[in-house]
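2 protein chains.
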Amino acid sequence: MPVVSQRGRNMPPSPVRKLAPFADAAKARGVEILHLNIGQPDLESPPAFWDAVRGSTLKTLEYGHASGLAELREEMAAYYRSIGISVDAAQVLVCTAGSEALNFALSACLEPGSEVIVPEPFYANYIGFATWFDGKVVPVPTRIEDDFALPSTQEFEARITPRTRAILINNPGNPTGTVFADRQLEELAELCASKDLWLISDEVYRDFNFSGRPIRSILQLDGLGDAGIMVDSVSKRYSLCGARVGFLVSRHADFNDATARLAMARLSPPTLEQLGVVAALRDTKPEYFEGLRAEYRSRKDLLVERLRAISGAVCPEIEGAFYAMVRLPIDDSDRFCQWLLEEFDHEGATVMLAPGTGFYATTGSGRDEVRIAYVLGKDRLIRAMDALEAALAVYPGAKVPTA
Amino acid sequence: MPVVSQRGRNMPPSPVRKLAPFADAAKARGVEILHLNIGQPDLESPPAFWDAVRGSTLKTLEYGHASGLAELREEMAAYYRSIGISVDAAQVLVCTAGSEALNFALSACLEPGSEVIVPEPFYANYIGFATWFDGKVVPVPTRIEDDFALPSTQEFEARITPRTRAILINNPGNPTGTVFADRQLEELAELCASKDLWLISDEVYRDFNFSGRPIRSILQLDGLGDAGIMVDSVSKRYSLCGARVGFLVSRHADFNDATARLAMARLSPPTLEQLGVVAALRDTKPEYFEGLRAEYRSRKDLLVERLRAISGAVCPEIEGAFYAMVRLPIDDSDRFCQWLLEEFDHEGATVMLAPGTGFYATTGSGRDEVRIAYVLGKDRLIRAMDALEAALAVYPGAKVPTA
Numbered sequence: 013m014p015v016v017s018q019r020g021r022n023m024p025p026s027p028v029r030k031l032a033p034f035a036d037a038a039k040a041r042g043v044e045i046l047h048l049n050i051g052q053p054d055l056e057s058p059p060a061f062w063d064a065v066r067g068s069t070l071k072t073l074e075y076g077h078a079s080g081l082a083e084l085r086e087e088m089a090a091y092y093r094s095i096g097i098s099v100d101a102a103q104v105l106v107c108t109a110g111s112e113a114l115n116f117a118l119s120a121c122l123e124p125g126s127e128v129i130v131p132e133p134f135y136a137n138y139i140g141f142a143t144w145f146d147g148k149v150v151p152v153p154t155r156i157e158d159d160f161a162l163p164s165t166q167e168f169e170a171r172i173t174p175r176t177r178a179i180l181i182n183n184p185g186n187p188t189g190t191v192f193a194d195r196q197l198e199e200l201a202e203l204c205a206s207k208d209l210w211l212i213s214d215e216v217y218r219d220f221n222f223s224g225r226p227i228r229s230i231l232q233l234d235g236l237g238d239a240g241i242m243v244d245s246v247s248k249r250y251s252l253c254g255a256r257v258g259f260l261v262s263r264h265a266d267f268n269d270a271t272a273r274l275a276m277a278r279l280s281p282p283t284l285e286q287l288g289v290v291a292a293l294r295d296t297k298p299e300y301f302e303g304l305r306a307e308y309r310s311r312k313d314l315l316v317e318r319l320r321a322i323s324g325a326v327c328p329e330i331e332g333a334f335y336a337m338v339r340l341p342i343d344d345s346d347r348f349c350q351w352l353l354e355e356f357d358h359e360g361a362t363v364m365l366a367p368g369t370g371f372y373a374t375t376g377s378g379r380d381e382v383r384i385a386y387v388l389g390k391d392r393l394i395r396a397m398d399a400l401e402a403a404l405a406v407y408p409g410a411k412v413p414t415a
Numbered sequence: 013m014p015v016v017s018q019r020g021r022n023m024p025p026s027p028v029r030k031l032a033p034f035a036d037a038a039k040a041r042g043v044e045i046l047h048l049n050i051g052q053p054d055l056e057s058p059p060a061f062w063d064a065v066r067g068s069t070l071k072t073l074e075y076g077h078a079s080g081l082a083e084l085r086e087e088m089a090a091y092y093r094s095i096g097i098s099v100d101a102a103q104v105l106v107c108t109a110g111s112e113a114l115n116f117a118l119s120a121c122l123e124p125g126s127e128v129i130v131p132e133p134f135y136a137n138y139i140g141f142a143t144w145f146d147g148k149v150v151p152v153p154t155r156i157e158d159d160f161a162l163p164s165t166q167e168f169e170a171r172i173t174p175r176t177r178a179i180l181i182n183n184p185g186n187p188t189g190t191v192f193a194d195r196q197l198e199e200l201a202e203l204c205a206s207k208d209l210w211l212i213s214d215e216v217y218r219d220f221n222f223s224g225r226p227i228r229s230i231l232q233l234d235g236l237g238d239a240g241i242m243v244d245s246v247s248k249r250y251s252l253c254g255a256r257v258g259f260l261v262s263r264h265a266d267f268n269d270a271t272a273r274l275a276m277a278r279l280s281p282p283t284l285e286q287l288g289v290v291a292a293l294r295d296t297k298p299e300y301f302e303g304l305r306a307e308y309r310s311r312k313d314l315l316v317e318r319l320r321a322i323s324g325a326v327c328p329e330i331e332g333a334f335y336a337m338v339r340l341p342i343d344d345s346d347r348f349c350q351w352l353l354e355e356f357d358h359e360g361a362t363v364m365l366a367p368g369t370g371f372y373a374t375t376g377s378g379r380d381e382v383r384i385a386y387v388l389g390k391d392r393l394i395r396a397m398d399a400l401e402a403a404l405a406v407y408p409g410a411k412v413p414t415a
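Protein chains in written order, with the working numbering: chain P, 13 to 415; chain B, 13 to 415.
Calculated directly from the structure, the hints in this document are not laboratory data. We put the CB at the ideal spot given by N, CA and C, even for glycine. Please note that the accuracy of each hint is not assured.
Said to hold, decoys possible - Cross-link-like lysine-lysine pairs, in silico, DSBU-like; alpha carbons within 30 Å at most: (1) P:K411 / P:K30; (2) B:K207 / B:K148; (3) B:K71 / P:K39; (4) P:K297 / B:K207; (5) P:K30 / B:K207; (6) B:K411 / P:K71; (7) P:K390 / B:K71; (8) P:K71 / B:K297; (9) B:K148 / P:K148; (10) B:K207 / P:K71; (11) P:K71 / B:K148; (12) P:K390 / P:K30.
Said to hold, decoys possible - Listed below are several chain P residues computed to face chain B (Cβ distance under 8 Å; list not exhaustive): (13) V16; (14) G140; (15) S251; (16) L274.
With the hints as extra help, turn the sequences into a complete structure.
This is the structure we're talking about:
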């Protein structure tokens with residue numbers, strides 16, 4: 013019998029999705045699941061998107077252009093210019109969500125056996141996509157005690173080897189919510205330029221910024237030349253996770269040429285949703301985003317307050333995105349998250365969380381941390397926090413605070 | 013400045029899509045393009061699909077399950093059982109089109125530097141996906157003079173090396189239209205079983221079969237154990253190329269486990285189209301497929317008759333799919349296909365064809381061949397053949413027949 017490739021064996025399960033069978037079983041028992049495990053916003057997708065999709069008069073759902081519909085590329089380039097990022101439509105590749113944009117970026121940057129440096133904890137699928145191309149994530153640790161403050165440029169530099177091809181950042185960051193300061197970005201740009209490295213920036217949470225500082229895109233940095241690659245998506249911004257529309261933006265001609273050929277191999281992103289996103293881009297008013305930020309900010313404030321009231325829990329400052337990476341008084345976050353689904357309920361409901369370990373490449377890190385996505389309305393978020401508090405009071409692996 | 017990965021540099025452009033800029037320029041000049049270059053059916057997608065999509069009452073377009081919506085996996089498993097393929101829903105992974113199913117299959121089978129054996133000419137993107145995983149396509153040549161008769165099992169066996177991981181077939185075949193005989197499949201299955209190789213079968217043209225023999229799925233073969241992997245899609249069957257819904261079907265537990273983890277990394281296939289495909293599966297009548305086969309068969313007959321009337325052209329027998337791989341009296345198919353778009357029109361229209369070279373791994377093969385997708389209604393197909401005839405009469409690189 014043939015065996016699965018090394019890559020296939022090495023692919024990590026998603027820490028966010030591997031618990032799905034336990035959640036299904038809990039639902040089958042009649043337990044309500046309060047989903048804090050996945051970055052699936054509960055807000056409504058823009059009406060303009062739905063109007064375009066439902067009002068479509070297409071008869072045959074055809075392939076689109078491999079690089080994306082021309083009108084979508086134009087609209088996105090205009091949007092980027094409106095926020096100070098100077099690009100043209102030919103530099104915007106439409107991808108099947110930010111996931112594929114990451115996939116293409118790492119495919120075009122990594123060689124088998126090469127390395128990409130990433131601040132840790134990080135979006136779990138960065139390991140998945142590096143593994144996809146037989147590459148390796150080299151983490152730069154940050155600490156919850158320091159509010160996951162971003163590593164100094166020296167700490168990145170110390171991890172550069174002859175195998176390093178890229179530095180990958182996420183700004184604002186999932187799972188930590190940290191927002192890079194301008195000076196940090198400028199130093200990273202200089203470092204990458206001096207070492208001939210790519211600087212890949214995942215900016216899909218741009219609209220979720222509570223830091224008081226503007227989000228600076230990697231494509232706005234002088235001194236980086238054309239080595240900057242930006243990953244973007246409509247999933248979070250427009251609550252369109254299921255649309256699978258994202259973007260890969262770069263000014264590097266060879267990179268764009270390679271990723272256009274990668275795109276040709278998979279033919280095209282979904283056609284109908286691209287038409288819907290064009291409509292959303294044209295018709296969504298600034299108030300949409302103001303409302304969105306106000307809603308998430310008030311959820312964040314509520315969450316932080318509740319978490320900090322839990323004895324033995326550590327909840328850092330959160331500047332952006334819609335996650336909290338939290339330390340809980342537990343023995344093992346994988347065990348705890350599974351236990352919540354298999355053995356616990358509070359008034360008929362339980363919470364689903366993402367175990368912290370999946371967001372670290374460093375073995376042993378994150379064992380007492382969980383990622384919480386605050387993607388529920390306030391009433392449900394309060395019930396979720398009530399359930400979490402009740403769970404910690406009875407969880408057999410709970411740590412008794414030593415204060 | 014950093015450089016693009018070897019993989020990125022090696023990715024071939026799609027022979028079907030690389031001419032798109034020339035087609036855009038021709039359209040801008042007011043020339044009508046008769047598209048015979050791409051397997052984009054012109055028939056209407058099933059009404060049940062459109063009704064489900066347009067009638068959707070969703071407010072937030074959410075992620076689906078990474079392995080696909082449960083109801084879609086159930087419906088597909090029931091469909092497979094109805095055509096004699098015994099699988100259950102857990103063995104059907106929903107992918108973002110057949111493209112992703114191929115990508116996952118090769119990812120889970122190939123190591124960097126390993127090889128996959130493929131009868132040649134073949135679907136061009138097989139090279140793309142092998143390159144994606146730093147693998148290599150090893151071709152087994154077939155000849156237009158023999159109607160692209162499939163290679164003997166000995167010819168496959170002769171190409172097996174310690175680096176071989178899989179044999180990949182396409183049944184019915186794109187671009188040749190050949191349909192495997194039962195005995196050929198059984199011999200290949202035995203060969204793969206005896207050498208511990210995967211046997212991957214791309215069966216997306218199952219419903220386009222004019223051979224008079226039933227299409228046998230790789231998953232219906234005894235003697236293969238669980239080493240069979242089937243790639244499937246709704247793109248061609250339902251004229252839903254832009255929906256990006258496909259399937260990867262296998263009974264190999266480790267393979268299914270690995271591909272489920274690959275699927276987690278990219279989160280989920282498009283949600284809305286999966287709901288539409290569930291409706292199409294439930295409500296599409298057998299007459300839909302009978303009508304589809306009758307239409308394509310009559311187009312094929314027309315195409316073959318017209319091509320065989322061209323002096324110096326060779327059009328083989330066509331048993332399935334909706335392509336003809338044809339020899340034309342030309343110097344260079346890449347040059348000819350570009351010239352058709354840049355310098356030719358016949359009564360205001362020109363034809364877009366796929367150059368033959370892209371369907372071969374063997375350098376120099378296919379230089380006087382083109383692939384024609386007969387995806388136009390008869391009136392337009394007749395106009396396309398008129399234009400092709402007229403083009404060959406004036407093309408500067410035309411070969412004068414030596415008969």
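Right, here's what the structure says about each hint:
Among the hinted pairs, K411 (chain P) with K30 (chain P) is consistent with the structure: their alpha-carbon atoms are about 25 Å apart, no more than 30 Å. With a C-alpha separation of about 18 Å, the suggested pairing of K207 (chain B) with K148 (chain B) holds against the 30 Å cut-off. Annotation: proposed proximity of K71 (chain B) to K39 (chain P) holds, straight-line Cα distance about 22 Å (limit 30 Å). Among the hinted pairs, K297 (chain P) with K207 (chain B) is inconsistent with the structure: their alpha-carbon atoms are about 61 Å apart, more than 30 Å.
Annotation: proposed proximity of K30 (chain P) to K207 (chain B) is violated, straight-line Cα distance about 34 Å (limit 30 Å). Taken as a hint, the K411 (chain B) and K71 (chain P) pair is broken in the structure, with Cα atoms around 41 Å apart against an allowance of 30 Å. Between K390 (chain P) and K71 (chain B) the CA atoms are separated by roughly 19 Å; this keeps the pair inside 30 Å, and the hint holds. Our distance criterion of 30 Å between C-alpha atoms is met by K71 (chain P) and K297 (chain B), whose separation comes to about 18 Å.
About 22 Å separates the Cα atoms of K148 (chain B) and K148 (chain P), which keeps this hinted pair within 30 Å; it holds. A threshold of 30 Å between alpha carbons decides the hint, and for K207 (chain B) with K71 (chain P) the separation of about 47 Å lies outside it, so the pair is violated. Under the criterion of a C-alpha separation no larger than 30 Å, the hint pairing K71 (chain P) with K148 (chain B) is inconsistent with the structure, at around 39 Å. Between K390 (chain P) and K30 (chain P) the CA atoms are separated by roughly 26 Å; this keeps the pair inside 30 Å, and the hint holds.
Because the beta carbon of V16 (chain P) sits about 5 Å from the nearest beta carbon in chain B, less than 8 Å, this interface hint is met. Hint on G140 (chain P) holds. Least Cβ distance to chain B is approximately 3 Å, under the 8 Å limit. Interface hint status for S251 (chain P): upheld, as the beta-carbon distance to the closest one in chain B is roughly 5 Å, under 8 Å. Taking 8 Å as the C-beta cut-off, the interface hint given for L274 (chain P) holds, the closest approach to chain B being about 6 Å.
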